[in-house]
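Novice: Take a look at the letters that make up each chain.
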Amino acid sequence: MGRRAAAPARRIGAELSLTDEDLVAMYRMVALARAVDERMWVLNRAGRIPFVISGQGHEGAQVGVTWAFRKGHDWIAPFYRSIAMCLTFGMSARDIMLAQYAKATDPSSGGRQMPGHYGDRRHNLLSVSSPVATQILHAVGIALAAKIRGTGQVALAAMGEGSSNQGDVHEALNFAAIHKLPFVFLVENNGYAISVPAAMEVSVPDVAMRASGYGIPGVVVDGSDVLACYAAARTAVERARAGEGPSLIEAKVTRLTAHSSDDQQTRYRSEQELAAERARDPLPRFRDQLREGGVLTDAIETTLADEVAAIVADATEFAEAEPDPEPSTAMRWVFAEDWPSETWPTWGPGIGETGGDPTGETGGDPTGGAGGDPTGETGGDPTGGAGGRGSDGAG
Amino acid sequence: MALMTFIEAIRETLAEEMRRDGSVIVLGEDVGRKGGVFLATDGLWAEFGDARVIDTPLTESMIVGASIGAAVNGLRPVAEIQFADFIHPAFNQIVSEAARMRYRSNNAVGVPMTIRAPYGGGVHGALYHSQSVEAFFTHVPGLKIVVPSTPHDARGLLRSSIRDDDPVLFFEHKKMYRSVRGDVPGGDFLVPLGRARVTHPGSQVTVIAYGLMAHYALEAADRVAEEGISVEVVDLRTLRPLDKDTVLTSVRKTGKCLIVYEDNRFGGYGAEVAAIVAEEAFDYLDGPVTRIAGPDVPGVPYNHVLEDWFMVDPEKIAAGIRKLAAY
Numbered sequence: 001m002g003r004r005a006a007a008p009a010r011r012i013g014a015e016l017s018l019t020d021e022d023l024v025a026m027y028r029m030v031a032l033a034r035a036v037d038e039r040m041w042v043l044n045r046a047g048r049i050p051f052v053i054s055g056q057g058h059e060g061a062q063v064g065v066t067w068a069f070r071k072g073h074d075w076i077a078p079f080y081r082s083i084a085m086c087l088t089f090g091m092s093a094r095d096i097m098l099a100q101y102a103k104a105t106d107p108s109s110g111g112r113q114m115p116g117h118y119g120d121r122r123h124n125l126l127s128v129s130s131p132v133a134t135q136i137l138h139a140v141g142i143a144l145a146a147k148i149r150g151t152g153q154v155a156l157a158a159m160g161e162g163s164s165n166q167g168d169v170h171e172a173l174n175f176a177a178i179h180k181l182p183f184v185f186l187v188e189n190n191g192y193a194i195s196v197p198a199a200m201e202v203s204v205p206d207v208a209m210r211a212s213g214y215g216i217p218g219v220v221v222d223g224s225d226v227l228a229c230y231a232a233a234r235t236a237v238e239r240a241r242a243g244e245g246p247s248l249i250e251a252k253v254t255r256l257t258a259h260s261s262d263d264q265q266t267r268y269r270s271e272q273e274l275a276a277e278r279a280r281d282p283l284p285r286f287r288d289q290l291r292e293g294g295v296l297t298d299a300i301e302t303t304l305a306d307e308v309a310a311i312v313a314d315a316t317e318f319a320e321a322e323p324d325p326e327p328s329t330a331m332r333w334v335f336a337e338d339w340p341s342e343t344w345p346t347w348g349p350g351i352g353e354t355g356g357d358p359t360g361e362t363g364g365d366p367t368g369g370a371g372g373d374p375t376g377e378t379g380g381d382p383t384g385g386a387g388g389r390g391s392d393g394a395g
Numbered sequence: 001m002a003l004m005t006f007i008e009a010i011r012e013t014l015a016e017e018m019r020r021d022g023s024v025i026v027l028g029e030d031v032g033r034k035g036g037v038f039l040a041t042d043g044l045w046a047e048f049g050d051a052r053v054i055d056t057p058l059t060e061s062m063i064v065g066a067s068i069g070a071a072v073n074g075l076r077p078v079a080e081i082q083f084a085d086f087i088h089p090a091f092n093q094i095v096s097e098a099a100r101m102r103y104r105s106n107n108a109v110g111v112p113m114t115i116r117a118p119y120g121g122g123v124h125g126a127l128y129h130s131q132s133v134e135a136f137f138t139h140v141p142g143l144k145i146v147v148p149s150t151p152h153d154a155r156g157l158l159r160s161s162i163r164d165d166d167p168v169l170f171f172e173h174k175k176m177y178r179s180v181r182g183d184v185p186g187g188d189f190l191v192p193l194g195r196a197r198v199t200h201p202g203s204q205v206t207v208i209a210y211g212l213m214a215h216y217a218l219e220a221a222d223r224v225a226e227e228g229i230s231v232e233v234v235d236l237r238t239l240r241p242l243d244k245d246t247v248l249t250s251v252r253k254t255g256k257c258l259i260v261y262e263d264n265r266f267g268g269y270g271a272e273v274a275a276i277v278a279e280e281a282f283d284y285l286d287g288p289v290t291r292i293a294g295p296d297v298p299g300v301p302y303n304h305v306l307e308d309w310f311m312v313d314p315e316k317i318a319a320g321i322r323k324l325a326a327y
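Residue numbers (the working numbering), protein chains in the order written: chain A, 1 to 395; chain B, 1 to 327.
Because the hints were derived from the structure by calculation, they are not lab data.
All C-beta atoms, glycine included, are put in the ideal place defined by N, C-alpha and C.
Each hint should be verified, as a subset may be incorrect.
[What the hints assert, rightly or not] Just so you have them, the derived chain A footprint on chain B, three or more residues with Cβ under 8 Å:
#, segment
1, 58-65
2, 68-76
3, 90-100
4, 107-119
Whenever a hint applies, use it, and build me the whole structure from the sequences.
Specialist: Structure, rendered in structure tokens:
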């Protein structure tokens, strides 16, 4: 291509102390998240997994922001589009795919939660629920504990602009600002809360404007500019670690897919708009930037593409082959100890040999009378998959 | 052994637990300098300082939600909701988050958190300073619900709650704070969660109660004893997990079961106890499982005549016992 000869005077990422290796690793993470995500949709359309909720279009902001945090030390309370964030913070493609298949070994929930509800205690990624924005308070509490214990940790909460309207967000930012907690709030603004455009959800042009109401910094970054997102997060993390308090980062991203596999976004977004949004895809933008900067070469790209394809294939095969959870485990972990439930199911307590009804009076079959499928053959039930799509079909 | 009021037992237990375990913090509205609107946390801020005794904004969802996060990251928060009536903004955090965290993470993450809340009427508190809210939460697997009735149990159960690895809601009847006294032994004794206590042995009618109603049930038992009715009173102490063994053992012995609770009758906690007794002790019953409970109006009215009408009291319980005994 001849571009390398015309290398720029200032190396990309130099002012951010990022090496070429860092940049390639960041690009690899964006590409991996995209490839995993795309595979999820293929599996959904093939009837292998019932539900998909996607992060396509958000990956640049997630990788850029997460890169500024210390893995295994800091904490993240993610949300349902946080595939790239979770991958960057330590989860593997296998871990993500296990959640799609809801297998017994799924580290997010052991197959208990819908796909998209990622969490992994090994990597300080907090389990997330479906009611939106609740996790911001958890992250603020984590930050409070970090301050009290003097651990030097910073906590990050991420969500969309739609979720940012919840009252928990106000309560969280107010408290975090009062106590100057080591907390960073990332709003991934993709312009839509399912079908409702941002102008009908947020009373100001930028969610970041609300930061001033708490006396904290609020910045808007282009969410398809990975390095701009990293720079904003690095500033916020430094501020948090220095004891100066929380920050709000609003990354303007694009949602390249429907809200979920149960949504058809052409019902509320025009083809023209969708085509225009493609131009804001962070993946080709980052690729072009790194190529122009001489960081990414044909050889590196080819290697990365092969590697990513192999990882996704492995993750899919691995997750599909893993066992489903046993019904005999379904009553476990209501509490740390076995749940001494007062009213067992009439079809058996569902606790294995170590547990069971302490009174022995309900007559449940402790060996698993509910009948788990030990062969795991029900895991990929194609009819079950189709049933999860809903009447809307998928866009 | 020391004689102390209900609230003194709670206050001293909080202080002791904070001394024993540096990871215990207290947060809530007015819990710091003021020491709580009932003075349940009096003295803690002076002893433990700003870092561990936190006066929060008026944000119940934050109090609980941040406690969840703090619990995840190594602390044992004791959150105070100033009145149980004000716990509802935190409902989502308690029910969707705290109760489900361990289950939904397949035991990867637990929430060792205690939420204390004064509840109950009979104190001229009207609709919004009198509520009994336990039934909203006893419905939810993943929560432990404690309602002590004596200083002894308050101390032993609060210790167990703070040291438990799962979320506990600890409801304190505010009318008992200074009106109830009792002996509390020294030493680090625990009252285990999930264990009821027979507080008055008897043979003809079982009365099941908790909180303030456990006291009123004892008074009622004394009144009808003079009439020759032998009542066994069971103080549940923990509503969830329910000590089904103690309940069923008593009902199987007496053959009659009256359940007393201050909350609205319809769908109240006692309804579940009644269902369990009906299902599992049916062959032993000599009369209908009955309930004495608060009327189904949207709150405790303020005027003292109306409040007296609302409140379950020893005489109303005694009337229920007489009727059931005569069945």
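Novice: Now tell me if each hint is right for this structure.
Specialist: Hint-by-hint comparison with the structure:
1. 58-65: holds (count 5)
2. 68-76: holds (count 8)
3. 90-100: holds (count 5)
4. 107-119: Coverage by chain A holds for the segment 107-119 of chain B (4 residues, Cβ < 8 Å).
Consistency with the previously given hints is maintained throughout, with no hint failing.
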